[in-house]
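> Starting from the given sequences, assemble the full structure and let the hints guide the process.
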Amino acid sequence: MSTENLLKYSIVVLLLPILSFVINIFFGKKLKKASGVIGTSILMLSLVISIIIAFTKLSVYSGAKIIQTSAEWVNFGNVPGIGPLSIVVGIGIDNLSAIMLVVVTLISALVHLFSTEYMSGDPKYTRYFAYLGFFTFSMLGIVLTNNFFLMYVFWELVGISSYLLIGFWYEKRSASNAAKKAFLVNRVGDLGFWLGILILFVSYKSFSFDVIFENIKSGNLPFNSGFYLTLAGILVFCGAIGKSAQFPLHVWLPDAMEGPTPVSALIHAATMVAAGVYLVARVFVMFTADALTFIAYIGAITAFVAATIAITQNDIKKVLAYSTVSQLGYMIMALGVGAYTSGFFHLVTHAWFKAALFLGSGSVIHAMHHALHKAGDHHTDPQDIRNMGGLRKTMPITFITFLMCTFAISGVPFTSGFMSKDGILAGTLAFAHLSGHWLIPIIGFTAAGMTAFYMFRLVIITFTGKPKTTFAENTHESKLVMTLPLIVLAILSFWFFYSVNPFDASKGWFANWIKPPQTVVPAQYQWNFLTTKVSEEVASIDQTMEVEATKTVLEEEIHHNHTTAMILSLSVAGIGILLAFVFYFWKKVDVDALTEKIKPIYNFSLNKWYIDELYQSTIVNGTTAFSRLLGWFDNTIIDGAVNGVAAISKWFSFFSGKFDNVVIDGIVNLTAYGTGFIGLLFRKAQTGKVQTYLIIVLIGLVLLFYFVS
Amino acid sequence: MTVGLSHYLVISAILFSLGLFAILTRKNAIMVLMGIELVLNSANLNFVAFSRFGRMNLEGHIATIFVIILAAAEAAIALAIILNIYHNYFSVNVDEIDKLKE
Amino acid sequence: MFTILGLGPLTWITFLPIIGMIIILLIPKGKDELSLKKSNSTFRLITLLITGLQVVLAILIYLGYNNGLAGINTQDGMQFVEKVRWIEIPAMPWFGKVQIDYFVGIDGLSIPMVLLTAIICFVATFASFSIEKSVKGYFAMFLLLDTGMMGVFVALDFFLFYVFWELMLLPMYFLIGIWGGPRKEYAAIKFFLYTLFGSVFMLLVMLALYFSVVVVDPVTGEKVHTFNMLAMMNPANYQPGSILSGMNTYWRYVAYVALFIAFAIKVPIFPFHTWLPDAHVEAPTAISVILAGVLLKMGTYGMLRISFPMFPDAVLYFQYGLAFIGMVNIIYGALCAMGQHGIGKKDFKKLIAYSSVSHMGYVVLGMAALNTQGMIGAVFQMFNHGTITAMLFMIVGVIYERSHTRGLDEFGGLANKMPIYTGITTVAFFAALGLPGLSGFISEAFVFLGAFNTYPIITVFSGLGIILGAAYMLWTLQKIFFGNLPERWAGPWDPEKKKYPTDDIMPLELTAFVPLVILVIFLGIYPAPMINLMSASVNHLVDFIKTTGVMTAAGF
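Protein chains in written order, with our numbering: chain A, 17 to 725; chain B, 50 to 151; chain C, 400 to 955.
Certain hints may be false.
[Stated by the list, open to error] With beta-carbon atoms standing in for the labels, derived distance ranges:
no. : chain 1 : residue 1 : chain 2 : residue 2 : range
1   : C       : Y716      : A       : N677      : 29 to 39 Å
2   : A       : I82       : C       : A635      : 52 to 62 Å
3   : A       : T691      : C       : N647      : 53 to 63 Å
4   : C       : E800      : A       : G673      : 35 to 45 Å
If you are wondering where the hints come from, they were derived from the structure by calculation, not from laboratory data. None of these values were measured; they are calculated from a predicted model. All residues carry an ideal CB built from backbone N, CA and C; glycine is no exception.
See below:
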């Protein structure tokens, strides 16, 4: 396949889901049930093409850095002071986007398949598939674009499709609130992203990644200052903070669980929230040392905060939501410390197992919902884990896949999650060694332990023991269309898809595809361990694999810390799992008594650190109150001033009217009366007799002659 | 004694004075009208005299003919006015017709 | 240039509505109920025909337009030019010889506005079909208004510009004052006086310019004053010693500010904006559509056409202030719109009116940037705001017609009851809040691209407008369309309580929306056709302002 065809096919992949959207939105009424089938088959087609593209890119064109094409979108003409200026947009495929393409289309296809059953019976069935198609289109756009402008465009489109899907059941006030919250919180991050893009565009007059990176590489910094490069990096990262639900903008993601569960799996676990991580990976080369440190700390804080909250949640989806936030924090942290490969690797592995976990929870909720429906109960919450228990027996496939993925997320050996998480932790250790930021690995390992704990708590409470309600007893295993995606995704959580050696991914093919790119930031603004390279003994184990002759100091250090990190992570995960069993399976410790003892901490965690309340009482209420004040100000003061001027004019005109009536008109009338009075006097001379007049004329004539002569 | 210009002028002046006297003193509007005719004729006499003795050659005759025509027309209109006045006031006494003072 | 019956297309497109008005005035109104109905539909059809012909003419003009010509200050660069001596008074005492031309032509600044006016008037005709009160007068006024608006955008002679500017006021006054809502008299008088107040400033500046500018009459060779705008843009034409001669003088600044106030009232710019919510709330739907869709653009168009090229020195001197005003408009308008959720009658229409204030702020910000990106963004935003706000007001109209209320809190759950209507609303709302893929985003993005170049700090604060805009739009969407339908809107028409059923949008209403929706989506995905129209002119304008400003610095 030629490179042109590769790009043509990727455009087909991009446009297929929008076709699904168009068909379903305009012909939905006629299609009814068929819309699910159409949507799923279109996505399956898209998936097949994506796999072909990825395979071609990774095997045939493995040497090519990026295959791309661009076209002029808008031409500003000959701009004074700049010369010809146009906005060029395009798409590109490199290893990163090729893998991401498969991730997005595969999960989207599986979610489509899952939804055909899960959403059946919903009155807005066709619209649901339309929205799913629209989302997939937007997400693929993010993946394929090769410039900031389209990135921002699709970024927002993803936001809007997320809005539509979270608020899918808009009859519920909580759903429409959550949708609104998600969109607005994302907009805050997007504003930062946009400002970052503006800095770059103003400096380089281009949106293209290549042009911008080339310029930075040649030492042409924004406003000639390293500070602005850092600022631009952090602002662009703000987009990721919003979309990847990083602290302090993570508040929208747990609320977003109001949407249908397959949507949560697709958007709020596997793909959209990973877009932020993808963005950071995409523009990784332009982050300065300061920006990277900022990113690393944001990631670490997010991972920790979310993990502490996840421990106490009782809603099955909320636990998974906070675990997603926490894992996203991991990925961001990994990129921040420079563990590029592991960060992206975790994105992919997390996408599989978290999608499976959400779909699994969807399967559970679906079963619970049906059981409740049969019993005619509409008050019991089908998502509360305290109502479940013992589902292992009634839903075996769901249980096994769920357990498999829990192993992966907890970092149990022989799973994909173990390999990627291990790489991240090794990266943080190496980073701490080289830069002295020891807080990051400490948080990293703590959060890893907590992850193992809360995930096993979830599994134990939900699936094991005795059913806590009669509904849980009456649940049934879901249909094949729902369990099939679970099985596929659970299988993908095994190690052998990524590397032969289950304990070291760095020699695997995945790591070979995704190599850390060379930073373009000038040396004085970058960590020297990212810019300096060390030569490495090419005495590699596997000669067939292409090994770079040089590695950065960081990679070398990661390699050294690998074993330490593995031992440490295994032990924290082990402790976490053990504690979960002690607390909830063997019940050696009375959990209720324990929570009573640490009530303040427990409540703090249960109420999500009161962050929502804080935002509500300050920013949200502040803005609405201020807007009300301004509205009042506008109505009363500004408009009052206008009306005041009008009123003053009216009074003035009233008085001037009076003045006119009395004084001016008075003078006029007075003159008239005066003239009339004088006329009255002289009137006597008027006899009306012609002959008298003539006599007077004669006398006058005689007198005239007399005086003149 | 040859008849000269001055004779004509004296006759004309007498005629004019008589006419003026009639205009100022007569009460009857028709009499006043006749006075006007006299005044006009005195002017005619002057024109003819001047054309005979002065340097006013044929123009004097022409002017006279104009005046005669004018007088005829004036008399016709004036009589019509008087007739109308009579219809309204049942009188042709000029002293009684003093509407002008209002 | 093509001609029809010897007259150019611009003359036709401007005066076609007058012909329609005369026809309507000649047709008698029906006496009894049946013939009244018949004559009313005749009036509607005539107006529809005339505005439809206008759209056809606009398309012909668009097809005949040459993107390469810049215009702005050269008559050669103008297209479809028609220039005829209109008024000639041979030598009056101290006023001199008066020569006023009928001078029309378009360039890249005006062609988007001509297209917009044609489209909006066509769409507004559909929105006017529900008018039942003295239909004849309404459509006559409507067409007169159409002529006034079109004339403003094609006039190249200041006197002619002023005549059209004032011509449009009168029908607007009656359209609000007769066919408006409960406080129509107040709103109409406020609108009329406020705009007239601004016009006085414009008149004074126009006369000052007239007495300052001298050109050589090509025929007689004598020096005469002129109202020709293009001549006013050339600094060499200013008579030495006249009030506006030279550069950076006190009087030039005064003239610029006076002109600014005249246009600012129309835009409207804070704090001259309070006529707008009242006028919008009281005006009938179609008139709100025209008011927001076209009339507001006259202010910014006037600035670009008159203030900027005629007073480049003052523009450079005041540019920071202009950008600041733009920022204030964006944020203040957005916050006031949001405030409508909490105060007063919670009027949907008032919210949309304030959103106009906010969106016009982007235009001002883009213009103040004084670079191509910003100014293209500004002109494009003028066009886009026209189409988007037209949709928003028609959306309010649709719901008001059915329910006779506009309270934000009185609805809910319309999404299930009126799905097509909800779909259109969603498109319009998302276009208004600047969603990529819809035209509003493109223009806002360009405005930011330009403004950030010149004023980074102001642009950062203006960026808050994006978030606030999203906030009030989504809040409105949630309150009206999401949730559950209140009981009172569920039932069929109840003649006693005067409540309508909330049926989905009717085909006639849909016809009015469809062209706008298509335009918004098409220009959002592929804005190049519109950008190409204006880029040459905008580049030239920016260059002209900058070079003339530099000449000033060199002591020209």
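> Does 53 to 63 Å hold as the CB distance between T691(A) and N647(C), or does it fail?
This hint holds: roughly 58 Å between Cβ atoms.
> CB of E800(C) to CB of G673(A), is that within 35 to 45 Å?
43 Å, holds
> Lying within 29 to 39 Å: is that true of the beta-carbon distance Y716(C) to N677(A)?
Given range 29 to 39 Å: violated, Cβ gap about 48 Å.
> Cβ-Cβ distance between I82(A) and A635(C): within 52 to 62 Å?
Roughly 55 Å apart at Cβ, these two residues keep to the hinted range, so it holds.
Checked against the numbered hints above, the structure breaks only hint 1 and satisfies the rest.
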